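Student: Sequence lines, in order, name chains H and P.
For the first sequence, the UniProt record's numbering assigns the number 1 to the initial residue and increments by one for each residue that follows.
For the second sequence, the UniProt record's numbering assigns the number 1 to the initial residue and increments by one for each residue that follows.
Misleading hints may appear alongside valid ones.
Claimed, not checked - Label-pair restraints from in silico Cβ distances:
(1) S107/H <-> M1/P: 34 to 40 Å
(2) K122/P <-> G167/H: 58 to 64 Å
(3) M321/H <-> G209/P: 32 to 38 Å
(4) E224/P <-> E282/H: 52 to 58 Å
(5) G209/P <-> K121/H: 50 to 56 Å
(6) M321/H <-> G44/P: 28 to 34 Å
(7) G96/P <-> S24/H: 56 to 62 Å
(8) P8/P <-> S107/H: 55 to 61 Å
(9) P8/P <-> V249/H: 33 to 39 Å
Calculated directly from the structure, the hints in this document are not laboratory data.
Every value quoted in this text rests on a predicted model; they were computed, and no experiment measured them.
For each residue, glycine too, the CB sits at the ideal point set by N, CA and C.
The residues making up each chain are set out below.
2 protein chains.
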Amino acid sequence: MQRIMNNPDNIVDEMLKGFLKAHSDIVESTENGRVVKAKDIPEGKVGVVTGGGSGHKPAFVGYVGKNMCDAAAVGEICSSPTAAAFLDACKVADQGKGVACLYGNYSGDNMNVKMAVKMAKKAGITVKTVVANDDVASAPKDQREKRRGVAGEVLMWKVGGAKAAKGGDLDEVIAAAQKAIDNTRSVGIGLTPCTLPAVGHPNFEIKEGTMEVGIGHHGEPGIEVCPLESANEMAKRMVDVVVPDYPFVEGDEVVVLVSGLGATPVMELYVLYDEIDRLLTEKGIKTHKAYVGNYFTSLEMMGATLTVMKLDDELKELIDMPAYSMGLKQD
Amino acid sequence: MQRIMNNPDNIVDEMLKGFLKAHSDIVESTENGRVVKAKDIPEGKVGVVTGGGSGHKPAFVGYVGKNMCDAAAVGEICSSPTAAAFLDACKVADQGKGVACLYGNYSGDNMNVKMAVKMAKKAGITVKTVVANDDVASAPKDQREKRRGVAGEVLMWKVGGAKAAKGGDLDEVIAAAQKAIDNTRSVGIGLTPCTLPAVGHPNFEIKEGTMEVGIGHHGEPGIEVCPLESANEMAKRMVDVVVPDYPFVEGDEVVVLVSGLGATPVMELYVLYDEIDRLLTEKGIKTHKAYVGNYFTSLEMMGATLTVMKLDDELKELIDMPAYSMGLKQD
């Protein structure tokens, strides 16, 4: 295992120490060592919180910052943060206006957020939630509540963070973030597995010369294993999963996010994006804004995800708002 | 080879098409399909140009933008751009105030830039150059002119771009960029090789359980192959190569840049940075600003580079200036 680490049991804490030092202009530590908070949160706003397992950088702490999330709870690698961490994230983000907890649909996160919401209520803090479920491949369309949250979460945080920064009240922030994820669909293609530092060998297999369509960020099985295709064929396959599911139609304006899974060279993401944009344009779907890069990863997995979000006037304004976090900076 | 591509012969052009579409708020195409230029270059400033082979994203086109480079020439994967591309980059960046061409010390780049400077002179454009040579491991200290340019180039572009944006004349921009690279030292540790798309297999080898200290971005041999070490041991090894070479001493203020080589999980870069910062602090060296992430990569190589730059008042002001490019955004 060719990796940069000390004792794998300490990797999350050591990562957080380095992260907090490197980005001391954006984030700061809190009493709970597994909660990162934004520096200089503007007074009187609704708090925006997220959290999730480690190994998905920039997610989740990389999206704490100006006009983004106010705090994030940090879990072990590929494991949910504790309920206590979610609670403490809510506490540091709360300013008496309530907290929007925007997270992904995984059983551990669901359970721990639910407990944190109850504990927060007892502490006098109102927490409302949006659960991201943008991953088309993880369940049929009539069972959207079973779908996982993947890179679409980044757009949900962007929208929710911007709405709160603009002075939206708790219900307005929740409504905007919910609309963002309701308007968003994603799919991933995995080319290689990843290795958890504490395990030392891949916890699933993708055979050389094959690819797994619909793979999850933790190697959850996809919808099809097929022979490795060209970039253009992969683009078509991804567009063909994502577009009809929402469905995105002629005349729609969208945000497109192409994220690497960690180890795929970034130049290849641009090759993929070029064809995705061509296919969407051919369908009369107009890309208002594109994000291409490593936005939501799985350690050193190879592969990519495609995320498409349908815009309306409100979402466009919120997406276009400046933001400043480690993982997403825009003027 | 688990990669996202079509015909490997077209990968650079396809990447550029996707890059230009995705970042149309920052960059635009030019008549020369292998030259990318910044959008909305402020009038009357000295031009700042770079260029290099592909496969090192964000380098080189990712550092074209506001207060950064005005144009970049693009080569094939791991190959220098042509002299014509360097010339055309100078032409689109020139506003009659001259052009600073800031590039890395590789034989192909040296030859092609030299030709481009001559051709530019004939066309009435004054081009002066700074050649980055920050890679300590690539030649002894008394032969600095033989050393390669690596991730220190990012700091050279940041400083040169800022100086030009502040209205510096050509000699002042060249002097600032030269000082930036003179004050900068880097070293890399490679953990896995990379595979050029057109070749299909790694063009060099790093055995499992070993690491190569001082490796170059194209797999150029380093100074030592040794058994794989812990993150803290790697940090010490890197600091012990970089610090005594300049030398950085107690009381110095520095910029630290830790870049992944492509496929190393970003969380591991923070683990490495945490220990690097501790070692520098122990030596009385103060980090004014840190950059941690994938700033200068080699396709899907695993490993990392450490770059340290000594600051003075001028360099600090230029490093702190806002910038907006795909690879480096700061408020």
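Student: Which hint numbers doesn't this structure obey?
Tutor: 3, 7, 8
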